[in-house]
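From just these sequences and the hints, can you work out the full model?
2 protein chains.
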Amino acid sequence: MENFTFYSPTFFAFGKDTENEAGAYVKRFGGSKVLIHYGGNSAKRSGLLDRVKKSLENEGLEYVELGGVKPNPRSGLVYEGIDLCKKEGVDFILAVGGGSTIDSSKAIAAGVVYDGDFWDFYSGKYIEKALPIGTILTISAAGSEGSPDSVITKEEGMFKRGASGNAIRPKFSILNPALTQTLPPYQTAAGITDIMAHLYERYLTNSKEVEVTDRLIEALLLTMKYEGPRVIEDPDNYEARANIMWAGMMAHNHSCGVGRSQDWNSHNIEHELSALYDCAHGAGLAVTMPAVFKYVMNHDIMRFAKVAVRVWGCEMDFDHPERTALEGIEAFRNFLISIGMPKNFEELGAKKEDIPKLVNVLCRGDGRDGTISGFVTLNEEDCTKIYEMMV
Amino acid sequence: MENFTFYSPTFFAFGKDTENEAGAYVKRFGGSKVLIHYGGNSAKRSGLLDRVKKSLENEGLEYVELGGVKPNPRSGLVYEGIDLCKKEGVDFILAVGGGSTIDSSKAIAAGVVYDGDFWDFYSGKYIEKALPIGTILTISAAGSEGSPDSVITKEEGMFKRGASGNAIRPKFSILNPALTQTLPPYQTAAGITDIMAHLYERYLTNSKEVEVTDRLIEALLLTMKYEGPRVIEDPDNYEARANIMWAGMMAHNHSCGVGRSQDWNSHNIEHELSALYDCAHGAGLAVTMPAVFKYVMNHDIMRFAKVAVRVWGCEMDFDHPERTALEGIEAFRNFLISIGMPKNFEELGAKKEDIPKLVNVLCRGDGRDGTISGFVTLNEEDCTKIYEMMV
Chain A
0 MENFTFYSPT
10 FFAFGKDTEN
20 EAGAYVKRFG
30 GSKVLIHYGG
40 NSAKRSGLLD
50 RVKKSLENEG
60 LEYVELGGVK
70 PNPRSGLVYE
80 GIDLCKKEGV
90 DFILAVGGGS
100 TIDSSKAIAA
110 GVVYDGDFWD
120 FYSGKYIEKA
130 LPIGTILTIS
140 AAGSEGSPDS
150 VITKEEGMFK
160 RGASGNAIRP
170 KFSILNPALT
180 QTLPPYQTAA
190 GITDIMAHLY
200 ERYLTNSKEV
210 EVTDRLIEAL
220 LLTMKYEGPR
230 VIEDPDNYEA
240 RANIMWAGMM
250 AHNHSCGVGR
260 SQDWNSHNIE
270 HELSALYDCA
280 HGAGLAVTMP
290 AVFKYVMNHD
300 IMRFAKVAVR
310 VWGCEMDFDH
320 PERTALEGIE
330 AFRNFLISIG
340 MPKNFEELGA
350 KKEDIPKLVN
360 VLCRGDGRDG
370 TISGFVTLNE
380 EDCTKIYEMM
390 V
Chain B
0 MENFTFYSPT
10 FFAFGKDTEN
20 EAGAYVKRFG
30 GSKVLIHYGG
40 NSAKRSGLLD
50 RVKKSLENEG
60 LEYVELGGVK
70 PNPRSGLVYE
80 GIDLCKKEGV
90 DFILAVGGGS
100 TIDSSKAIAA
110 GVVYDGDFWD
120 FYSGKYIEKA
130 LPIGTILTIS
140 AAGSEGSPDS
150 VITKEEGMFK
160 RGASGNAIRP
170 KFSILNPALT
180 QTLPPYQTAA
190 GITDIMAHLY
200 ERYLTNSKEV
210 EVTDRLIEAL
220 LLTMKYEGPR
230 VIEDPDNYEA
240 RANIMWAGMM
250 AHNHSCGVGR
260 SQDWNSHNIE
270 HELSALYDCA
280 HGAGLAVTMP
290 AVFKYVMNHD
300 IMRFAKVAVR
310 VWGCEMDFDH
320 PERTALEGIE
330 AFRNFLISIG
340 MPKNFEELGA
350 KKEDIPKLVN
360 VLCRGDGRDG
370 TISGFVTLNE
380 EDCTKIYEMM
390 V
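Protein chains in written order, with numbering that gives the first Met the number 0: chain A, 0 to 390; chain B, 0 to 390.
The hints are simulated quantities; they were obtained by calculation from the structure and are not laboratory data. Positions of the beta carbon are idealized from the N, C-alpha and C atoms, including for glycine. Do not take every clue at face value.
[Stated by the list, open to error] Lysine to any residue pairs mimicking SDA-like chemistry, simulated, CA-CA at most 20 Å apart:
no., chain 1, residue 1, chain 2, residue 2
1, B, Lys-128, A, Asp-368
2, B, Lys-170, A, Phe-28
3, B, Lys-15, A, Ser-260
4, A, Lys-26, B, Ala-166
5, A, Lys-124, A, Arg-309
6, B, Lys-207, A, Asn-236
7, B, Lys-207, A, Asp-235
8, A, Lys-207, B, Asp-235
9, A, Lys-224, B, Val-308
10, A, Lys-15, B, Tyr-237
11, A, Lys-207, B, Tyr-237
12, A, Lys-207, B, Lys-15
13, B, Lys-26, A, Trp-311
14, A, Lys-26, B, Thr-4
15, A, Lys-224, A, Trp-311
16, A, Lys-207, B, Arg-229
17, A, Lys-224, B, Arg-309
18, A, Lys-15, B, Asn-2
19, A, Lys-52, A, Ala-177
20, A, Lys-170, B, Gly-164
21, B, Lys-305, A, Arg-27
22, A, Lys-15, B, Glu-208
23, A, Lys-305, B, Tyr-225
24, B, Lys-26, A, Asn-165
25, A, Lys-207, B, Lys-224
26, B, Lys-305, A, Arg-309
27, A, Lys-170, B, Asn-165
28, A, Lys-15, B, Phe-3
[What the hints assert, rightly or not] Residues from chain A that face chain B, not an exhaustive set, calculated with beta carbons under 8 Å:
no., residue
29, Phe-3
30, Tyr-6
31, Phe-10
32, Val-112
Structure, rendered in structure tokens:
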């Protein structure tokens, strides 16, 4: 196990009706003038936004609003949010939505207290300072509610890039599983896939002797394998949604990923798909992961065999462990298809002829050197082959 | 799953040589005059204490010292520590040791800023305020390095009782697995047992639909089952100690116990043993847990069968699940014996004729009403039978 530091100071309020405590938590964590940042109309239509406003009013808090966050959130709205916060003297950002809204909130929070262009943070600068953020989560997926990370797409060039810093960890996150019950099944499934991707990205490590985090990751994958089909079968299953919601947070607050190298190449390869085709990130990952895993599995057959046996219930083939490894990847792929995820470029809405463009942005965009690194370092030829496997 | 809040803001620095950063962390978390609180001579002998002092001096921090914490830490030293801190104007407590030292530090930290008797907190009063605490952990066991809990024994009456409050969560905890390499095997094994007890106490729940926390608990039990024998076989196995150390923290920072009722009757029943005989808490638990589990298993056979199959590798007996449940308890007991833990009263140094006294203090001491509650509510007759099973 490698040396590490771990810090996850977010306060979580979990369960039914917890969104009504939003005002009290904003106050507790020092807010007085709030930006409510949200996505489309669903938060309005469901009455969630009104309940949140009422909760702020009950505490005597002022607020302004900025809606319109889209999946794969864009830099344009971030600039707008920064201007609005500066103009209105906002001192607290309250994200009401999923990972996109939270990530957009984090970008605004960092940008408001920074003199330069907020995109600097998405080009590698660590975020040292930000306005405090709270979240009310409406989809289990990104894990952004408990993470120090944010992903934004820059409209010029359509680069999708990440930023990080303990300053953008939410002060509090309100997790009410019932708020996710109105999601369309496809979005629920895309969220499940994203959570499982966060686990696999951590599982694919070159670090040795990491049994505790291996076991924790497997525990969360097993949870998703059990609860995923239950929630797809019955979208009103609060209990299944509750288990998925906590798993989604634990998958990404890093307690299961400490002390080990990680992969994140599936995320990198997918980001270009959702940036170009505006597909759901989880759907893109469902097509990407099996291809990446098959491409890199020879790098460490026993690691893939282990997850196959421990999570997917495959029988170990001691004479041909590579068969077990492959069986586990196929089992994962079939699981994703069974919950309604796409299985190839066509179902995703991606085009074979775009592969050279995808590879170029992936490996050369925004100053990259022709490779992406992770479990295995991949060059342009590797990435081309991987995209081709998805067709 | 039940509604809950979760808050674990401790900063963890994990790995080799991290104790040399103690001064920097004390400074970062606001300390200027430090009480170094520690146990016996091992911290002195090993040079650890000198390294810590040097680290504080390097940051220009002042300090005073108070050693002498014993296993099952006593109220007397806490009063002494409180007086010392007040006299010297201490504003930060640095615990160098295991759970006993950390718990004693927490009691001092709460007592210094409280006008009444610190024992009020151990009689049920929630701790709202305390001096900031940092820890340098030297044994994986209690999980106190990441928890809001403390257990102290009151010398008058020998009551062993717990207190709790987010204010006594450590601001930082330094976890260097190498510091645990000098522990005698018996203490290492007692620590392993304590960690597994924290997991079982959470596993034994009456809450339904808690798959995610069930799986996380099982993951940590599986880790202990794998790493425990490795570290007993080779005390210098840094990697095994590292996995155990992180498992010990995760077992007790509550991320695996949220949203579910818990047991803690094994802890309550054991506390009277270590209070009376001054045995290692983990050793007492090794004798207590199998007896308690056998006594209560009919309350929920399938729960005991589940841990038997998933953790202990028992084959499910679908016609007689109670046989599987019992087999799991026996497997756990044999595991504890195999790492060197005692298996009965005699090996623990406890006496059958003391049982009435033990039961009386357990069920009637310090204002209790004749029962202890948890997975199953136990009365004096139940507790008598359980102690008799341990003879």
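Evaluated hints:
1. Taken as a hint, the B/Lys-128 and A/Asp-368 pair is broken in the structure, with Cα atoms around 52 Å apart against an allowance of 20 Å.
2. Restraint check for B/Lys-170 and A/Phe-28: the C-alpha separation of about 18 Å stays at or below 20 Å, so the hint holds.
3. Note on B/Lys-15 and A/Ser-260: the hinted pairing holds, with a Cα-Cα distance of about 17 Å set against a maximum of 20 Å.
4. In summary, the hint linking A/Lys-26 to B/Ala-166 is supported, as the alpha carbons are separated by about 19 Å, within the 20 Å threshold.
5. Pair hint A/Lys-124 plus A/Arg-309 does not hold up; C-alpha atoms about 39 Å apart against a cutoff of 20 Å.
6. This hinted pair checks out: B/Lys-207 and A/Asn-236 have alpha carbons roughly 13 Å apart, not beyond 20 Å.
7. Between B/Lys-207 and A/Asp-235 the CA atoms are separated by roughly 17 Å; this keeps the pair inside 20 Å, and the hint holds.
8. With a CA separation close to 17 Å, the supplied pair A/Lys-207 and B/Asp-235 stays within the 20 Å bound.
9. Taking the CA atoms of A/Lys-224 and B/Val-308, the gap is near 18 Å; set against the 20 Å cutoff, the hint holds.
10. A C-alpha spacing of about 44 Å is found between A/Lys-15 and B/Tyr-237, which places the hinted pair above 20 Å, so the restraint is violated.
11. For the suggested pair A/Lys-207 and B/Tyr-237, the alpha carbons sit about 12 Å apart, so the restraint of at most 20 Å is met.
12. Our distance criterion of 20 Å between C-alpha atoms is met by A/Lys-207 and B/Lys-15, whose separation comes to about 16 Å.
13. Between B/Lys-26 and A/Trp-311 the CA atoms are separated by roughly 47 Å; this puts the pair beyond 20 Å, and the hint is violated.
14. As the CA atoms of A/Lys-26 and B/Thr-4 are separated by approximately 17 Å, the hinted pair is consistent with the 20 Å bound.
15. Our distance criterion of 20 Å between C-alpha atoms is met by A/Lys-224 and A/Trp-311, whose separation comes to about 8 Å.
16. Under the criterion of a C-alpha separation no larger than 20 Å, the hint pairing A/Lys-207 with B/Arg-229 is consistent with the structure, at around 15 Å.
17. A hinted pair counts as satisfied when its Cα atoms are at most 20 Å apart, and A/Lys-224 with B/Arg-309 qualifies at roughly 16 Å.
18. Under the criterion of a C-alpha separation no larger than 20 Å, the hint pairing A/Lys-15 with B/Asn-2 is consistent with the structure, at around 7 Å.
19. A hinted pair counts as satisfied when its Cα atoms are at most 20 Å apart, and A/Lys-52 with A/Ala-177 qualifies at roughly 19 Å.
20. Between A/Lys-170 and B/Gly-164, the direct Cα distance comes to roughly 19 Å. Compliance with the 20 Å bound is thereby established for this hinted pair.
21. The hinted pair formed by B/Lys-305 and A/Arg-27 fails the criterion: a straight-line CA distance of about 41 Å is larger than 20 Å.
22. At roughly 15 Å between alpha-carbon atoms, A/Lys-15 and B/Glu-208 fall within 20 Å of each other, so this suggested pair holds.
23. At most 20 Å may separate the alpha-carbon atoms for a hinted pair to count; A/Lys-305 and B/Tyr-225 meet this at roughly 15 Å.
24. At roughly 18 Å between alpha-carbon atoms, B/Lys-26 and A/Asn-165 fall within 20 Å of each other, so this suggested pair holds.
25. A threshold of 20 Å between alpha carbons decides the hint, and for A/Lys-207 with B/Lys-224 the separation of about 18 Å falls inside it, so the pair holds.
26. With a C-alpha separation of about 16 Å, the suggested pair B/Lys-305 and A/Arg-309 falls inside the 20 Å cut-off, and the hint holds.
27. At most 20 Å may separate the alpha-carbon atoms for a hinted pair to count; A/Lys-170 and B/Asn-165 meet this at roughly 15 Å.
28. Using a Cα cut-off of 20 Å, the hinted pair A/Lys-15 and B/Phe-3 holds, with the two alpha carbons roughly 10 Å apart.
29. The beta carbon of A/Phe-3 is positioned within 8 Å of a beta carbon in chain B (closest approach about 5 Å), and the interface hint is therefore held.
30. With its C-beta approaching chain B no nearer than about 5 Å, A/Tyr-6 sits inside the 8 Å limit, and its interface hint holds.
31. Taking 8 Å as the C-beta contact cut-off toward chain B, the hint placing A/Phe-10 at the interface holds, the least distance being around 5 Å.
32. Of the supplied interface hints, the one on A/Val-112 is violated, with its beta-carbon coming no nearer than about 20 Å to a beta-carbon of chain B, more than 8 Å.
The structure shown violates the earlier hints numbered 1, 5, 10, 13, 21, 32.
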